[in-house]
Amino acid sequence: MADQKRWGMVIDQSRCIGCWTCAVACKEINNQPLGYWWNRVLTAPPASSAKAPASENVDVPAGEFPNVSLAYQPTACQHCQDAPCVKVCPVGATFRRDDGVVLIDYERCIGCRYCVAACPYGVRVFNWGDAQHADDFTVGYGEDYRSDGRLVFTPERPRGVVEKCTMCAELLDAGQEPFCVEQCPAGARVFGDLNDPNSEVSKLVNEEGAKRLLDELGTKPDVFYETAARRDLGDGSTQSGSGA
Amino acid sequence: MVELRRRQFLGGMAIGAGALAAGPRLRFLLESEPAGDVAAAATTAAKRQVFRTGHSNNCDGACGHLIEVENGHPVMVKAAPWEDTAISGALAQKFNPRICLRGLSQIQNTYSPDRVKYPYRRVGERGSGKWERISWEEAASTIAQKFGEIQAKYGKPSVWIAPYTGSLALLEGVVGVGFRLASVIGASAGDFEGDNEGDSATPAGWNYVLVDPTNPDNGGGLFDGHEGTDFLNSKLIVLWANNVAETSIPDWRTIMDAKSKGAKLVVVDPRFTPTSAAADLWLPARPGSDTALIDGVINYLITHKAYDESYLRAYTVAPYLVHPQTKKLLRTTDIGLAGKDDYVLVDSSGQPRAAGAADPKSVQLLGTFDVGGLSAPTALQVLADAMAKYTPEHTAEITDLTAQQVTTLAALFATNHPVGIRAGFGLSHWYHGDLTMQALLTLQALGGNIGVHGGGVTTFAGGLTTTAFDLPGWWAPEGTTSFTVLEPMEACDAMLENKPYPVRAAWFMVDNYAQQMSDRNKVVKALKSLDFLVVSDYVMSATADLADIVLPACTYLEKTDLLSSNNFYLQYMPKVISPLWESKSDLDAVTLVAQEMGFGKYFDKTADDYLKDILHIGDPDADSNVAGLTWSQLTSGAPHLNTPTIPYVPFFDKSFPTKTGKIEFYVEMLVPFDQAVCDHKEPIEASPSNPLFGKYPLVFLSTHTRFRTHSQYSNLPWLKEINNGGQGFLEINPADARARGVKDGDVVRVYNDRGAMKVYARLTEGIKPGVVNCYQGGWDTVKVKHYIEGHPNNLTHQIANPTQAVVPNFRSNAAYFDCLVQVERAKG
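Residue numbers (our numbering), protein chains in the order written: chain U, 442 to 685; chain Z, -11 to 816.
Careful: at least some of the hints might be erroneous.
Said to hold, decoys possible - Per the computed footprint, the stretches of chain U lying under chain Z, defined by three or more beta-carbons under 8 Å from a beta-carbon of chain Z, are:
1) 447 to 458
2) 510 to 524
3) 534 to 544
4) 592 to 601
Unchecked claim - Which chain U residues face chain Z? A few, computed with CB under 8 Å, are given here:
5) Ala575
6) Val580
7) Gly583
8) Asp589
9) Thr668
10) Arg672
Hints listed in this document are in silico derivations from the structure and should not be mistaken for laboratory results.
Yeah, the Cβ is synthetic: ideal placement off N, Cα and C, and Gly gets one too.
Using the sequences plus the hints, can you model the full thing?
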């Protein structure tokens, strides 16, 4: 028990400034094609719903001037314990490792896209065509990575497969943190072992009330969010809490 | 508890970097430039090579990058670690690896489809986009010949060299080799401070209060601020017109860490930015009314006696008497007080004393005293009298805030110490930006917040430590005289009207003057009038569009340099990859031209050797900030400078290079400008009191966005995907939009008497009614248009504030935001 990790992440929306650095970092290390984003940053009321952005336009707040509020929700694979994508995959290509990381075996995926429809967070993308890139050489991690023999990362995913956040399994297995966690300039992402009650992520979940997205669906994500705390000084236009 | 969490998190980062070194997949080596051809060295290696470099673009980040290179290509950019120690070996601090979305996009920038790949000669009309590829030899000899002819005909300064802030490295850009060329050939050049387009007003104000710019020891004016990590020591952080969350992204972590430790965060900004959203108190003051808001706080502190009396006595001119007629600081000779001529203070018994003879612990701070037949107030009394009208109600009226908001802010200043203010350069984009900085420093002096950890007013940090670099020797080698200074604000008149002398040729080095300078229609007219225009850049900019010769420049990955700007670390920049196509560093390009002009002897060293010279490596008399630095230390990591205190704090010893040696919030030299104290003045243009306001009732801001750095990276595919496809837009409040029949996504025309632009409207409640904003820096080039028509700078002006001329280094400033427009739905 003590040895079995369950990797989890807590995103502190009080710190998140919607800068998209995590998303660009993800794009870089995973050599994502033009137009594809495994990780997106929604301009959203905090945590209440993954599918209700405050605005289609980045930075446009809710409310009426000057009583406005604004928060951001970086959104990638939630690495659910009870993942709908795993359940619906007819070929067992999407699977959850013992450490909680949900991955896609690119050699087994048949591109049926059941998982895309099943995912309530809208974080899976499908390779309709051949990947287009800005540069004519491959960037990022740069080589295949297999987990228990299964191809869970390859720099050029083939046409006709579904792809998504891997929690940087290749880095985790080498004792490192996911790339978005390392590169976040706001220190908004905390990563660790949810099986360890003394880990930062466990404390944030158990003691500071970090929440799951769409908790009511019972998917039990291992990615959590700390709701944005906003203005707390009386200035005549105070809005505390979510602003949702 | 939260603080502990962050610390542990930082520790994790450091361990992560260590783990990389032993990682199973790659051997991570921190290497300096390999001998010989870089690309060849990389090709022969089976592993990836890893280089540490500094990202030398024009932003506050000064981030360190780790670059992985495979088969001659940079394939990975990530945040680089910093040394925990100073050059001396003393423990400095833990400093987070830092990067943002722009830094992570640098591979795309280096391989941008907009790169200038070869030297070109113009073959069509200026701006027609018709070019003929030429060799470097032909380009260099043409430039040499034209410069020679023009200098012979119109005088040496008629050639203007403009190396600016496109790069903040040492050998190129803002303090780079262009100035050396200008000195060697006797040309004129833009102010080396570089921050002269819209970034000189607040530095001028900083000098009014903290520096005597007439003292040659101060080199014409200084500018500095607190090291970013020092805000961890603040109890109250005020981000005054400083959208840190977008423009200095890696510093956000420090702000949040300080907040986790209990600091309160105030943001003053007419826009509800990501920074404003995170504030404990957001104050959307009317743009241009900032000085009045500061004055309201000052008045509160004085009337509530909530100022630091002992600090004011010890370190400021507060107790100095002011001559009631001349308004200058009173001298002992004015009142016949015996002894050496000195300033006059009043002791506890009401008797005048020479400043040198007074007991600083008991001198009078407030009051008007009869001395030698004069009725002379103290400087603090003069300030108090001038500020008295800024009651919360009056201040609220000027600033469009409520009296309660003013009082809330003032009470925060009264009850917290230390208070750290970060003032964005946005404050400098105003005609009276100098006055606003003067006011902020006055406020900070009252609270005893200058020269202390966690305090200060910071816009830019690292300026005073540039004494560590032998810039005079770099710019004007022995046997030459320093270039003639011609500011960007003065250049158009020199080109169009021969004032103060004719400029007939120019060489811009990674400087996009034709788009980024204010009053763009005037700028384009001026550039088109030139006899000869050279532009070296790595992309085909709006300025390059107008050139006679375009030279392909390198990005930061393709040349050797050093970054030591905006923070207190030395970051050696090795040549990570060979220059792509036929691009050359500024140093190599200038060397070729200088050789053709017969000045090759001044450009006969390698980049590394120039760096050794400038840093005085191995010289026992090297500046204390870099004393003991070795070449291997410089090229194997990023050490902290040997600053007197870490985090660095300007004037930590409370020794101020002013005439009095004190903080001069009473500014004697500004008496002729009616600005001895920081009494608010309305903007030159963007004020409801301006008759023009009837015709053009909207204040036009052109701020920065996180999706580019000025005009760099605007066209990178990844960044465009997350920034409206690269398409610019005008932020407008729905109330202002409704009044004009404008809906979200409509095309609007923005105009005033100077020009117009067309752009899509974006309705947002995140901007104050009466204010509109269009992010600057999108491109308007022959090939790329990020606005439907024009650019924000078609609307801005070049009205200089003569007050600033008292500070030679910051003598003129483009007041980009001090601008009024009207907006209408575009027809058709």
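Checklist line | Hints that the structure is at odds with (numbers, increasing) | finding: Hints 3, 4, 8 and 9 not satisfied by this model.
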